[in-house]
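S.K.: So you can see what is in the structure, the chains are spelled out below.
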Amino acid sequence: EAQVTQNPRYLITVTGKKLTVTCSQNMNHEYMSWYRQDPGLGLRQIYYSMNVEVTDKGDVPEGYKVSRKEKRNFPLILESPSPNQTSLYFCASKLLSKEETQYFGPGTRLLVL
Amino acid sequence: DQQVKQNSPSLSVQEGRISILNCDYTNSMFDYFLWYKKYPAEGPTFLISISSIKDKNEDGRFTVFLNKSAKHLSLHIVPSQPGDSAVYFCPSSNTGKLIFGQGTTLQVKP
Chain C
1 EAQVTQNPRY LITVTGKKLT VTCSQNMNHE YMSWYRQDPG LGLRQIYYSM NVEVTDKGDV
61 PEGYKVSRKE KRNFPLILES PSPNQTSLYF CASKLLSKEE TQYFGPGTRL LVL
Chain P
114 DQQVKQNSPS LSVQEGRISI LNCDYTNSMF DYFLWYKKYP AEGPTFLISI SSIKDKNEDG
174 RFTVFLNKSA KHLSLHIVPS QPGDSAVYFC PSSNTGKLIF GQGTTLQVKP
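Chains C and P are the protein sequences, given in the same order. Using the working numbering, the final residue of the first sequence is 113, and nothing's skipped along the way. Using the working numbering, the final residue of the second sequence is 223, and nothing's skipped along the way.
Hints listed in this document are in silico derivations from the structure and should not be mistaken for laboratory results. Since the structure is predicted, the reported quantities are computational estimates derived from the model, not experimental observations. By construction, the Cβ of each residue, glycine as well, lies at the ideal position given by its N, Cα and C atoms. One thing to keep in mind: the hints can contain errors.
[What the hints assert, rightly or not] Here are the simulated DSBU-like cross-link-like pairs (lysine-lysine), alpha carbons at most 35 Å apart as the crow flies: (1) P:K222 <-> C:K71; (2) P:K151 <-> C:K18; (3) P:K151 <-> P:K169; (4) P:K167 <-> C:K57; (5) C:K18 <-> C:K69; (6) P:K167 <-> C:K69; (7) P:K169 <-> C:K65; (8) C:K69 <-> P:K151; (9) P:K222 <-> P:K167; (10) C:K71 <-> C:K18; (11) C:K65 <-> P:K167; (12) C:K57 <-> P:K181; (13) C:K65 <-> P:K210; (14) C:K17 <-> C:K71; (15) C:K18 <-> P:K210; (16) C:K57 <-> P:K184; (17) C:K17 <-> P:K151; (18) P:K222 <-> C:K65; (19) C:K18 <-> P:K222; (20) C:K57 <-> P:K169; (21) P:K222 <-> C:K57; (22) P:K150 <-> C:K17; (23) C:K69 <-> P:K169; (24) P:K151 <-> P:K210; (25) C:K71 <-> P:K151; (26) P:K181 <-> P:K167; (27) C:K17 <-> P:K222; (28) C:K57 <-> P:K118; (29) C:K71 <-> P:K167.
[To be verified] Derived Cβ-Cβ restraints for the label pairs, each shown as a range: (30) C:S82 <-> P:A154: 32 to 40 Å; (31) P:E171 <-> C:S67: 38 to 46 Å; (32) C:E99 <-> P:R174: 40 to 48 Å; (33) P:G129 <-> C:S67: 43 to 51 Å; (34) C:T101 <-> P:Q220: 40 to 48 Å; (35) C:G40 <-> P:R174: 35 to 43 Å; (36) C:L88 <-> P:Q220: 19 to 27 Å; (37) P:K222 <-> C:K69: 23 to 31 Å; (38) P:H185 <-> C:T15: 27 to 35 Å.
Start from the sequences and build out the full structure, keeping to the hints where you can.
M.R.: Have a look at this one:
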């Protein structure tokens with residue numbers, strides 16, 4: 001089944017404790033992206049990647065890192081999480097053509113205390 | 114600076130009637146518009162899209178209308194079903210990057 005998977009689905013952590021949210025897709029998509037969803041703000045892009053070893057900042061990259069060592073994986077790293085990073089995170093992927101549909105993962109709900 | 118706005122946070126419709134969800138955008142460079150539906154505890158799923166060279170696209174019960182001069186698009190769902198109850202987003206794009214609005218929660222009452 002074609003899908004985007006994220007782990008963990010739910011995470012509670014404390015300020016400053018490094019964490020990684022994994023994202024994997026099995027559709028051989030070149031493009032992958034991370035979003036956060038906050039009440040009243042919709043989804044905002046954090047980082048994206050056009051292909052292996054190619055990553056770029058989205059609209060809200062502060063406090064986040066990403067890597068793209070393999071085509072299928074695009075982990076989101078919070079080196080020193082803070083409470084304002086409490087949010088719902090979505091990973092998405094698509095083929096590179098701009099009119100291709102983005103497929104979203106199920107989401108990771110993060111609470112930073 | 115919100116480039117995509119969904120000014121109605123919520124909408125309630127009776128089953129069988131038409132649901133009309135609206136979206137306004139400010140960036141005239143957008144050339145591709147999509148609608149996504151999101152259920153609780155799931156990621157957004159693609160519904161329908163429209164290119165800026167068209168003014169209407171239809172897929173079953175779903176029709177999207179684009180008014181470029183007004184920078185406005187709408188999604189019509191006819192007939193509405195209880196399973197359509199979800200949050201709807203209308204991301205817009207000109208480079209492949211999606212810019213999302215705040216979302217509209219649709220409730221379809223049996």
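S.K.: Take the hints in turn and mark each one as holding or not.
M.R.: Do the hints match the structure? See the list:
no. : hint                          : in the structure
1   : P:K222 <-> C:K71              : 43 Å, violated
2   : P:K151 <-> C:K18              : 29 Å, holds
3   : P:K151 <-> P:K169             : 23 Å, holds
4   : P:K167 <-> C:K57              : 31 Å, holds
5   : C:K18 <-> C:K69               : 20 Å, holds
6   : P:K167 <-> C:K69              : 39 Å, violated
7   : P:K169 <-> C:K65              : 40 Å, violated
8   : C:K69 <-> P:K151              : 30 Å, holds
9   : P:K222 <-> P:K167             : 32 Å, holds
10  : C:K71 <-> C:K18               : 24 Å, holds
11  : C:K65 <-> P:K167              : 38 Å, violated
12  : C:K57 <-> P:K181              : 29 Å, holds
13  : C:K65 <-> P:K210              : 19 Å, holds
14  : C:K17 <-> C:K71               : 27 Å, holds
15  : C:K18 <-> P:K210              : 28 Å, holds
16  : C:K57 <-> P:K184              : 27 Å, holds
17  : C:K17 <-> P:K151              : 31 Å, holds
18  : P:K222 <-> C:K65              : 43 Å, violated
19  : C:K18 <-> P:K222              : 44 Å, violated
20  : C:K57 <-> P:K169              : 33 Å, holds
21  : P:K222 <-> C:K57              : 41 Å, violated
22  : P:K150 <-> C:K17              : 34 Å, holds
23  : C:K69 <-> P:K169              : 41 Å, violated
24  : P:K151 <-> P:K210             : 19 Å, holds
25  : C:K71 <-> P:K151              : 26 Å, holds
26  : P:K181 <-> P:K167             : 9 Å, holds
27  : C:K17 <-> P:K222              : 45 Å, violated
28  : C:K57 <-> P:K118              : 23 Å, holds
29  : C:K71 <-> P:K167              : 34 Å, holds
30  : C:S82 <-> P:A154: 32 to 40 Å  : 25 Å, violated
31  : P:E171 <-> C:S67: 38 to 46 Å  : 42 Å, holds
32  : C:E99 <-> P:R174: 40 to 48 Å  : 23 Å, violated
33  : P:G129 <-> C:S67: 43 to 51 Å  : 50 Å, holds
34  : C:T101 <-> P:Q220: 40 to 48 Å : 26 Å, violated
35  : C:G40 <-> P:R174: 35 to 43 Å  : 29 Å, violated
36  : C:L88 <-> P:Q220: 19 to 27 Å  : 20 Å, holds
37  : P:K222 <-> C:K69: 23 to 31 Å  : 49 Å, violated
38  : P:H185 <-> C:T15: 27 to 35 Å  : 43 Å, violated
The structure shown violates the earlier hints numbered 1, 6, 7, 11, 18, 19, 21, 23, 27, 30, 32, 34, 35, 37, 38.
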